[in-house]
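So that you can map any letter, position 82 of the sequence shown is 82 in UniProt numbering, and since no number is skipped, the others follow by simple counting.
Just so you know, these hints were derived from the structure itself, not from any lab.
Being a predicted model, the structure only gives us computed values, none of them experimental.
From the three backbone atoms N, C-alpha and C, an ideal C-beta is built for every residue, glycine too.
Errors might be hidden in some of the hints.
With a Cα cut of at most 27 Å, we get these calculated DSS-like pairs of lysine-lysine [stated by the list, open to error]:
hint	residue 1	residue 2
1	Lys-17	Lys-80
2	Lys-3	Lys-80
3	Lys-17	Lys-3
4	Lys-9	Lys-80
Label pairs and their in silico Cβ distance ranges [as the list claims (entries may be wrong)]:
hint	residue 1	residue 2	range
5	Pro-21	Ala-82	28 to 38 Å
6	Glu-48	Arg-79	13 to 23 Å
7	Leu-81	Glu-16	19 to 29 Å
8	Ala-60	Glu-23	33 to 43 Å
9	Ala-52	Ser-22	29 to 39 Å
10	Arg-15	Tyr-66	18 to 28 Å
11	Leu-27	Ser-61	12 to 22 Å
12	Arg-15	Glu-50	30 to 40 Å
13	Ser-4	Asp-54	18 to 28 Å
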Amino acid sequence: MDKSIIEQKVCQWVREKATVPSEEIALDADLRDNYGIDSISLVELLVEIECAFDMTFDSASLTNDYFSTAGSISEYVCRKLAVSA
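Assemble the whole structure, with the sequences as input and the hints as a guide.
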């Protein structure tokens, strides 16, 4: 699996959870401010990602640094799965 597939899947799941309709999910757009993703939706998103990619998020890493945008989530998943660009 490559980085672009991970980004596409994360963006698709963000679009499904978004309370603000959006055709395109920008990788650098804040999930809360731009798409209305609240803490419950974010947890649901992370669980979906864990199941789909057969991985777990480290509880110490559950910070805004890693989970504020679709791009930062995608980067984290790529690092966990050792996927390069």
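Cross-check of the supplied hints:
no., hint, verdict
1, Lys-17 <-> Lys-80, "23 Å, holds"
2, Lys-3 <-> Lys-80, "12 Å, holds"
3, Lys-17 <-> Lys-3, "21 Å, holds"
4, Lys-9 <-> Lys-80, "16 Å, holds"
5, Pro-21 <-> Ala-82: 28 to 38 Å, "35 Å, holds"
6, Glu-48 <-> Arg-79: 13 to 23 Å, "18 Å, holds"
7, Leu-81 <-> Glu-16: 19 to 29 Å, "21 Å, holds"
8, Ala-60 <-> Glu-23: 33 to 43 Å, "35 Å, holds"
9, Ala-52 <-> Ser-22: 29 to 39 Å, "21 Å, violated"
10, Arg-15 <-> Tyr-66: 18 to 28 Å, "20 Å, holds"
11, Leu-27 <-> Ser-61: 12 to 22 Å, "19 Å, holds"
12, Arg-15 <-> Glu-50: 30 to 40 Å, "19 Å, violated"
13, Ser-4 <-> Asp-54: 18 to 28 Å, "19 Å, holds"
In this structure, the earlier hints numbered 9, 12 are contradicted, and the remaining ones agree with it.
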